[in-house]
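Heads up: the sequence lines are chains A and B, in that order. Here our numbering is used: the first residue of the first sequence is 1, the next is one more, and so on. Here our numbering is used: the first residue of the second sequence is 418, the next is one more, and so on.
These aren't lab readings, by the way, just hints derived from the structure by calculation. These numbers were taken from a predicted model, which means no experiment stands behind them. Glycine included, each C-beta is placed from N, C-alpha and C at the ideal position. Possibly wrong hints are sitting among the right ones.
[Stated by the list, open to error] Cross-link-like lysine-lysine pairs, in silico, DSBU-like; alpha carbons within 35 Å at most: (1) B/K469 to A/K370; (2) A/K370 to B/K452; (3) A/K306 to B/K1058; (4) A/K34 to B/K1058; (5) B/K923 to A/K370; (6) A/K196 to B/K1058; (7) B/K758 to B/K554; (8) B/K1116 to A/K370; (9) B/K993 to A/K370; (10) B/K1098 to A/K370; (11) B/K616 to A/K389; (12) B/K1131 to A/K370; (13) B/K1121 to A/K370; (14) A/K236 to B/K1058; (15) B/K926 to A/K23; (16) B/K420 to A/K370; (17) B/K525 to A/K23; (18) B/K849 to A/K230; (19) A/K33 to B/K1058; (20) A/K23 to B/K617.
[As the list claims (entries may be wrong)] Facing chain A, a subset of chain B residues (Cβ under 10 Å, in silico): (21) G461; (22) T980; (23) A983; (24) H1005; (25) V1010; (26) N1012; (27) T1030; (28) Q1032; (29) L1047; (30) M1050; (31) D1052; (32) T1055; (33) D1060; (34) M1130; (35) K1131; (36) K1133.
[Stated by the list, open to error] Some chain A residues near chain B, calculated using beta-carbon distances under 7 Å: (37) E43; (38) S259; (39) D289; (40) V290.
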Amino acid sequence: MEDKNQEVLLRVENLCQYFGPTKAVDGVSFDIKKGEVFGLVGESGCGKTTTGRSIIKIYDITSGNIYFENQRICAGTGSYKLAIENAKAEAKKAVKELDEDSKKNPSNADANNKKKAEIKANLDKTIAENKAQIKSAVFDHKNCDKEYSKKLVAEVNERYKKAMAEAGNDSAKLAELKKKYKDELRVAKNTRLITKIQMIFQDPIASLNPRMTVREIIAEGLVINGIRDKEFIDEKVYEILEMVGLVREHAGRYPHEFSGGQRQRIGIARSVIMRPDLLIADEPISALDVSIQAQVINLLNDLREKLGLTILFIAHDLSVVKYFSDRIGVMYFGNMVELASSDELFAHPLHPYTRSLLSAIPLPDPDAEKNRVRITYNPIAEHDYTVDKPSMREVVPGHFVYCNDAEEARYREELGK
Amino acid sequence: MDKILEVKNLKVSFRTQGGTVKAVRDISFDLERGKTLAIVGESGSGKSVTSKAILGILAGNSIIEGGEILYDGKDLLSITEDEMYKIRGDKISMIFQDPLSSLNPIVKIGRQITEAMLLKNKANRKEARNEFNSLLKILKSNMIAAQGSGSEAEITEMVKTFDGFATLSTKLEMPYNDAMANAEEIKASVEDLLFMVEKKQNPDVREKLTDYVLMLQKVQNEFIEDEHAAKLTELLDKCKKEKDSYPKKAQENVTLSASLEKLLNDTVKLMDDIINQPRPNFFRIGYYKLKGKDCSIKGKGVEKLNEEALAFLNDNFMNHFLELEDNGIRYSFENALENKKKLLPKLEGAKKYYEGSFTKAEAKSYAKTLADLVPASIDQLEINKDSVAYTFRTSLNKAIDKYFSAQKTNPKEEARFAKQSAKREKLIAKGKNVDWKVVPKSVYDLDELKNNIIHVVTRLEDKYKAEIAAAENFDVEARGIEIVDFFKAKASQVVYKVTKAMAKEKAIKLMEEVGIHEPRRRYNQYPFEFSGGMRQRIVIAIALAANPDILICDEPTTALDVTIQAQILELINQLKVERNLSVIFITHDLGVVANMADEIAVMYAGKIVEYGTAQDIFYDPRHPYTWALLSSMPDLDTSDKLDAIPGTPPNMIYPPVGDAFADRNKYAMKIDFEKQPPMFKISDTHMAATWLLHPNAPKVEIPKIITDRIARMKQKSAGGEI
Chain A
1 MEDKNQEVLL RVENLCQYFG PTKAVDGVSF DIKKGEVFGL VGESGCGKTT
51 TGRSIIKIYD ITSGNIYFEN QRICAGTGSY KLAIENAKAE AKKAVKELDE
101 DSKKNPSNAD ANNKKKAEIK ANLDKTIAEN KAQIKSAVFD HKNCDKEYSK
151 KLVAEVNERY KKAMAEAGND SAKLAELKKK YKDELRVAKN TRLITKIQMI
201 FQDPIASLNP RMTVREIIAE GLVINGIRDK EFIDEKVYEI LEMVGLVREH
251 AGRYPHEFSG GQRQRIGIAR SVIMRPDLLI ADEPISALDV SIQAQVINLL
301 NDLREKLGLT ILFIAHDLSV VKYFSDRIGV MYFGNMVELA SSDELFAHPL
351 HPYTRSLLSA IPLPDPDAEK NRVRITYNPI AEHDYTVDKP SMREVVPGHF
401 VYCNDAEEAR YREELGK
Chain B
418 MDKILEVKNL KVSFRTQGGT VKAVRDISFD LERGKTLAIV GESGSGKSVT
468 SKAILGILAG NSIIEGGEIL YDGKDLLSIT EDEMYKIRGD KISMIFQDPL
518 SSLNPIVKIG RQITEAMLLK NKANRKEARN EFNSLLKILK SNMIAAQGSG
568 SEAEITEMVK TFDGFATLST KLEMPYNDAM ANAEEIKASV EDLLFMVEKK
618 QNPDVREKLT DYVLMLQKVQ NEFIEDEHAA KLTELLDKCK KEKDSYPKKA
668 QENVTLSASL EKLLNDTVKL MDDIINQPRP NFFRIGYYKL KGKDCSIKGK
718 GVEKLNEEAL AFLNDNFMNH FLELEDNGIR YSFENALENK KKLLPKLEGA
768 KKYYEGSFTK AEAKSYAKTL ADLVPASIDQ LEINKDSVAY TFRTSLNKAI
818 DKYFSAQKTN PKEEARFAKQ SAKREKLIAK GKNVDWKVVP KSVYDLDELK
868 NNIIHVVTRL EDKYKAEIAA AENFDVEARG IEIVDFFKAK ASQVVYKVTK
918 AMAKEKAIKL MEEVGIHEPR RRYNQYPFEF SGGMRQRIVI AIALAANPDI
968 LICDEPTTAL DVTIQAQILE LINQLKVERN LSVIFITHDL GVVANMADEI
1018 AVMYAGKIVE YGTAQDIFYD PRHPYTWALL SSMPDLDTSD KLDAIPGTPP
1068 NMIYPPVGDA FADRNKYAMK IDFEKQPPMF KISDTHMAAT WLLHPNAPKV
1118 EIPKIITDRI ARMKQKSAGG EI
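Turn these sequences into a full structure, and let the hints guide you.
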């Protein structure tokens, strides 16, 4: 099984993403460890794509925190704001009660006033605390990239100071160094932490600009980063093209000249050229033919080994997720309902939704198919959460289920058998 | 085995700027009644083109280069658009790939479901009348011939009577149907009103009640049972009174008084009763009335009237008529049989003739004389038209035309190929960079085309031989009942008028059937208000609205996720059993078809490369492409590297000379690049087109990943655990 001490690359804490009244993602937490493939499954509309997009900061999250390499990259303020509101409402209610009490029994007025002052002080404290949190969240959310580039700039500065000192009075060498320094400084200034996370999109046709050549598409990230050396860029593009199974000659063509599988390869090349640590693959194979799906999956597997990638793999095809992922999270209506290593999840599915999902997988076996019984999931009939509230619990090491006390006991018993 | 649809040697190409794309290259398959045929292949393999060719909805730049699609005695490729219009949607229906783009975004889904029902109804009524008349005419002539010429006057009289009371019955039936339609309309409308009040949508109650009064008057009919009729008048009076107590304009916060609520509920109940009352058998009553009997149901009830009329009809007319009819049927059948026997040696002769040499004019005139003999050998009283004999003339002519046109074009094609190849070689010899290919020559095999002509004849011969052998088992009475039922069905189709309200009720029933909750509310919603799975259900409901025989599903679940996919597949399976549908299921995912398909055709580059039952394809695949498809998809136990199929499908402007899959096939042999493999028969149900099945081919093992999986599956099913 996986190493417990493995370094965590991405940590998602209580991620909430609301669009108006719609709670697309509602309190999802998980870790992605360095070098693993983390699969995210669930039916359409359950929030798996939203989770991916929130991580890469396409949306501003409502509340929760996302840490990447121990640096907070996303932070929502919703929970703190809600805490302030709640505290205010509570204080108001308490003060009102005290006021009424004072009216009825004037003798208690003094004591009540004292209590009131106490409540106010407490309220102020809570507000101040939460406001500080909001400030820090907003700061991190906005400035994590700046901080990162500052760090890089400092590094570059230091390196070149040394080099220049070594060069001494050799003016030719010095001039060359200065030029290099300028270039690197520009790149460092433009680099953002978020470029370490890249995304592959679902629809290879819609996600490539039809008016850009493949070279332009793939090199766009480098150009934005401030690299101006055309030869260097071309070389990089060719290298990546060959890495994803295309050839040099393809660089000058336009996306419409490629087949679906090749287009998806271009999408992968575009994301890999930035040498990301984390790749978010949002249904990268759903729009492809079965035969091409296998090509893309194999390619991702190769790249993962070659570049040491960590992948967040979002898909609804369970057989593929099972094959490709180390750990799998199952989402249902904005919640994570089960999280376990892929073998464990398929061997011992605990949550009824996971079971219904697994029972729906079509198998290439006519005899078994004729007898397959699909389990339907009805959350209202399945759970009684009126008293006993559910939360994410670790039923066995590494296997988390969203359940309440009674269910947890039942699951443990089932696993014990 | 009862074939409902036969596709024979279909070839379809598309003209494009780059050249002619050969999308479908000579495919043949049969669809049996009540079965599912799955067509599996990558995009661009021609599976959707095949289905569109069946429906006659190919794009404008398509060329049908040859082949036949036989359905109900017609070749769908050679009939007119008017005839196709009657079949498309009504008899053969389609579920499209993308539910979002196959629904109109600015039309409410209720209207989209009822659209076809309302549109097609008028045409169907006219059609039914024609079919009724033509079959009656044939029956009459046969009856006269069977009885001898002396009986002509009597039979003419009888047929006239039959036609007379059948028509009269439709005249009685029409107002009754109207009344029933109105009853349904009132029921729907009242339910709508109650629903609107409950949801606080503030309906105009007075206007509605005025409508009800008008409609209730239309429900009154002489064939409504006495008790219902009495209640109906009572309701009508109450309604008239009640409406005056409501203000003239729509108001906020409408509430219904207790009395009105009771009235409305009573109305719904009464309408239900009326709709469900026993239906008068107008066919019998028509005769009853024709003979001047009193056919009112007052004090009698519908059922009693039905019985009386039946006895009267049988005694005075029907028994005798049936007797004569049976004679006619027997005569027609035996006559046709005799002609068939006579035709057989002629067909034998035709086979010899077409083996020899002939000019086009000769062949055509020979074909004409031969084809002229065929109609006499067809039993015109058959209700289910058999495709082979009916389409003999067009098939034969097509085959001959093809042969002679190939004789003409072949030399041209050879010349073109030689010229272009020479040019290319010349350029290469000069050391120039040539970036274009020579389009491979597409010459026809003349021998094969000649065989095709003979095959058309053999097909008919085989069919007739089988029929002659089975002639002893012919059941005259069953046929007689079949024909009378046909007349009855057509007569009531003539008067079956679909009103908007009936269409709505039917649509709501359909929506319930395909699993949409609260259909009455959702009837008035737009497509964007539905989720992907629900939208696909709507598309299925539209496809089923006309009660088709054949349902073509073109990747119906590709855009959906696993749970929804499983639901839709289950739905299609269930509807198939309920409605005895025959399904053509098109997909690129072999995993999906395992529980759907009875038979599977694997397509690659416009050809069927393997054909067999689901068992054959999954447990004993033979073609390397099928292996590749099976091994490139992971299942839950796969852990090795996936066997991806390298490369992409060939460009069909330049279809490969040999086996189209050879380039991507690691088992390809030299001959695969040179010559197209024929279909090798493995068992009665299983065929594959690969040279590996040739007796001289080297032995090749099925990839381990598949054998492992099959072993695993067998083990599982033996263990009874899944």
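We went through each hint and held it up to the structure:
This hinted pair checks out: B/K469 and A/K370 have alpha carbons roughly 30 Å apart, not beyond 35 Å. A threshold of 35 Å between alpha carbons decides the hint, and for A/K370 with B/K452 the separation of about 15 Å falls inside it, so the pair holds. In summary, the hint linking A/K306 to B/K1058 is supported, as the alpha carbons are separated by about 16 Å, within the 35 Å threshold. Distance hint between A/K34 and B/K1058 is fulfilled; the C-alpha atoms sit about 22 Å from each other, no more than 35 Å.
About 32 Å separates the Cα atoms of B/K923 and A/K370, which keeps this hinted pair within 35 Å; it holds. Using a Cα cut-off of 35 Å, the hinted pair A/K196 and B/K1058 holds, with the two alpha carbons roughly 28 Å apart. For the suggested pair B/K758 and B/K554, the alpha carbons sit about 25 Å apart, so the restraint of at most 35 Å is met. Note on B/K1116 and A/K370: the hinted pairing holds, with a Cα-Cα distance of about 33 Å set against a maximum of 35 Å.
For the suggested pair B/K993 and A/K370, the alpha carbons sit about 15 Å apart, so the restraint of at most 35 Å is met. Of the supplied pair hints, the one linking B/K1098 and A/K370 holds, its CA atoms being roughly 27 Å apart against a limit of 35 Å. In summary, the hint linking B/K616 to A/K389 is supported, as the alpha carbons are separated by about 33 Å, within the 35 Å threshold. For the suggested pair B/K1131 and A/K370, the alpha carbons sit about 14 Å apart, so the restraint of at most 35 Å is met.
A threshold of 35 Å between alpha carbons decides the hint, and for B/K1121 with A/K370 the separation of about 25 Å falls inside it, so the pair holds. For the suggested pair A/K236 and B/K1058, the alpha carbons sit about 28 Å apart, so the restraint of at most 35 Å is met. Taken as a hint, the B/K926 and A/K23 pair is honoured in the structure, with Cα atoms around 34 Å apart against an allowance of 35 Å. Using a Cα cut-off of 35 Å, the hinted pair B/K420 and A/K370 holds, with the two alpha carbons roughly 24 Å apart.
Among the hinted pairs, B/K525 with A/K23 is consistent with the structure: their alpha-carbon atoms are about 28 Å apart, no more than 35 Å. Proposed proximity of B/K849 and A/K230 is supported: the alpha carbons are some 31 Å apart, at most 35 Å. Restraint check for A/K33 and B/K1058: the C-alpha separation of about 23 Å stays at or below 35 Å, so the hint holds. Between the alpha carbons of A/K23 and B/K617 the distance comes to roughly 28 Å, so the proposed pair stays at or under 35 Å and holds.
Among the interface hints, the one on B/G461 holds; its C-beta lies about 9 Å from the nearest C-beta in chain A, closer than the 10 Å criterion. For B/T980, the interface hint holds, since its Cβ comes within 10 Å of a Cβ in chain A; the closest pair sits about 5 Å apart. Hint on B/A983 holds. Least Cβ distance to chain A is approximately 4 Å, under the 10 Å limit. Evaluation of the B/H1005 hint against chain A yields a held restraint, the C-beta minimum of about 5 Å falling below 10 Å.
Residue-level restraint check for B/V1010 holds (minimum Cβ-Cβ distance to chain A is 8 Å; threshold 10 Å). With 10 Å as the threshold, the beta carbon of B/N1012 comes within range of chain A, its nearest partner Cβ sitting at about 3 Å, so the hint holds. Here the hint on B/T1030 is kept, as its CB sits about 8 Å from the closest CB of chain A, short of 10 Å. Because the beta carbon of B/Q1032 sits about 6 Å from the nearest beta carbon in chain A, less than 10 Å, this interface hint is met.
Proximity of B/L1047 to chain A holds as hinted, the smallest CB-CB distance being about 6 Å (cut-off 10 Å). Here the hint on B/M1050 is kept, as its CB sits about 5 Å from the closest CB of chain A, short of 10 Å. A distance limit of 10 Å between C-beta atoms decides the matter here; for B/D1052 the minimum to chain A is near 5 Å, and the interface restraint holds. The beta carbon of B/T1055 is positioned within 10 Å of a beta carbon in chain A (closest approach about 5 Å), and the interface hint is therefore held.
At a threshold of 10 Å, the smallest CB-CB gap from B/D1060 to chain A is about 7 Å, leaving the interface hint in force. Nearest Cβ of chain A to the Cβ of B/M1130: about 4 Å, under the 10 Å cut. The hint holds. Interface restraint check: B/K1131 against chain A, minimum CB-CB distance 9 Å, threshold 10 Å, status holds. At its closest, the beta carbon of B/K1133 sits 6 Å from a beta carbon of chain A; the interface hint therefore holds under the 10 Å criterion.
Residue-level restraint check for A/E43 holds (minimum Cβ-Cβ distance to chain B is 5 Å; threshold 7 Å). Below 7 Å, beta-carbon pairs count as interface contacts, and A/S259 has one with chain B at about 5 Å; its hint therefore holds. With a least beta-carbon distance of about 5 Å to chain B, the hint placing A/D289 at the interface is held under the 7 Å criterion. Given the 7 Å rule on beta carbons, the hint for A/V290 holds: about 5 Å separates it from the nearest Cβ of chain B.
In this structure, none of the earlier numbered hints is contradicted; all agree with it.
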